[in-house]
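Chemist: So the chains spell out like this:
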Amino acid sequence: MSTGHDAMDWTTRLPLVFPEFAARYQASIDTNRSELLPYMIWAELARFLGEHQSRAYELKSSPSSDLVGRIASYLEDASASDDAEVQNLVQVGFLETLNDLPGLRKLLQPRLGQRTNALLRQVNKYLTPPP
Amino acid sequence: MYRISARIGKRSTADAVRYEQITGKLLSKAGHVQKAMETLTRLTNWQNANPGAASADIQGAETVRQDTIKALLGE
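Protein chains in written order, with the working numbering: chain A, 1 to 131; chain B, 1 to 75.
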C-alpha cells in the first residue's frame, strides 16, 4: 500500500502554501532517510501549529500571518476533495493529532469549515476527546 | 462504539488497525494501515539514528514498534 497521487500533491504543496512550515517539513523528510511520509507530515503540521500558537501567546501577540486561518482553509479544501485518501490525511494525519493538543483544538475548532468539522466528529467517535 | 484512549498515544494507531481488521469497518475513509506503516518506518529510522538515546525512550519506541507490527500482522 502506498499514498496516491492526489494525497502526495496535497502533502508536497504544504511547504509552498505555508513557508513557515518548510523547515519542519524538510526536517521530517531528512530524519526519515529522504522519504516523504505523508501521515507523519500532516501530524507534524498540527504539532507545528500548536507550537506556533504557544509562541504567539507567550509574546502576547497575534501572529500577523493568521496561520491558523490559512491552515483551517487548507484543511477545508482538502476535506472537500473527492479523493478518500486526501480526506484521510486530514482526519487520520492532522485531526487525530489535534486531539492530543487540547489548547490548539479549542482555538482551531471554531475556525474549521463544515467539511473539516464533519471529519472531526468522526474522530470524536473513536478517540477520547481531550479534557 | 469502540473508543481508543488518547492517553495511550501512538498505540492508538495500532488499536485502530486492529479494530478495522477485526470488524471490517474503517474508522476513516481510507483506514489506518498506511499511517501505521509510516509510524513503523519513522520509529525504525529514529532507533537507527539514536542508538544512544535514553533507555526509557528506546524502550518506549520499541514497545510501540512491536505493537504496530503485531497489529499489521493481524495479532
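I should point out that these hints are in silico values taken from the structure, not numbers from a laboratory. None of these values were measured; they are calculated from a predicted model. Ideal Cβ positions, reconstructed from N, Cα and C, are used throughout, including at glycine. Hints should not be assumed to be uniformly reliable.
Keeping only pairs whose Cα atoms sit at most 25 Å apart, straight-line, the calculated SDA-like set for lysine to any residue is [what the hints assert, rightly or not]:
#1 K29/B / A23/A
#2 K70/B / L36/A
#3 K25/B / S73/A
#4 K29/B / E76/A
#5 K25/B / L73/B
#6 K106/A / V17/A
#7 K29/B / N48/B
#8 K125/A / G113/A
#9 K29/B / A84/A
#10 K29/B / R55/A
#11 K70/B / N45/B
#12 K125/A / K29/B
#13 K125/A / P51/B
#14 K70/B / V33/B
#15 K29/B / A27/A
#16 K29/B / E51/A
#17 K125/A / S55/B
#18 K25/B / T128/A
#19 K29/B / Q122/A
#20 K125/A / V64/B
Non-contacting residues of chain B with respect to chain A, defined by C-beta distances greater than 10 Å in every case (computed) [to be verified]:
#21 A16
#22 G24
#23 A30
Chemist: Hint by hint, say whether it matches the structure.
Modeler: Status of the hints after comparison with the structure:
1. K29/B / A23/A: 30 Å, violated
2. K70/B / L36/A: 24 Å, holds
3. K25/B / S73/A: Roughly 29 Å between the alpha carbons, so the hint for K25/B and S73/A is violated.
4. K29/B / E76/A: Answer holds: K29/B to E76/A is near 16 Å, not above 25 Å.
5. K25/B / L73/B: 17 Å, holds
6. K106/A / V17/A: 24 Å, holds
7. K29/B / N48/B: 33 Å, violated
8. K125/A / G113/A: Satisfied, since the Cα-Cα distance of roughly 19 Å is no more than 25 Å.
9. K29/B / A84/A: 5 Å, holds
10. K29/B / R55/A: 34 Å, violated
11. K70/B / N45/B: This hinted pair holds, its Cα atoms lying about 18 Å apart.
12. K125/A / K29/B: Holds, at about 14 Å.
13. K125/A / P51/B: 38 Å, violated
14. K70/B / V33/B: Holds, because 12 Å separates the two Cα atoms, which is no more than 25 Å.
15. K29/B / A27/A: Status violated; Cα separation ~28 Å.
16. K29/B / E51/A: 28 Å, violated
17. K125/A / S55/B: 35 Å, violated
18. K25/B / T128/A: The given pair, whose Cα atoms are some 19 Å apart, holds under the 25 Å limit.
19. K29/B / Q122/A: Given that 25 Å is the threshold and the Cα spacing comes to 10 Å, the pair holds.
20. K125/A / V64/B: Holds - the C-alpha atoms of V64/B and K125/A are around 23 Å apart, at most 25 Å.
21. A16: 7 Å, violated
22. G24: 15 Å, holds
23. A30: 4 Å, violated
Of the numbered hints given earlier, the model fails hints 1, 3, 7, 10, 13, 15, 16, 17, 21, 23; all others are met.
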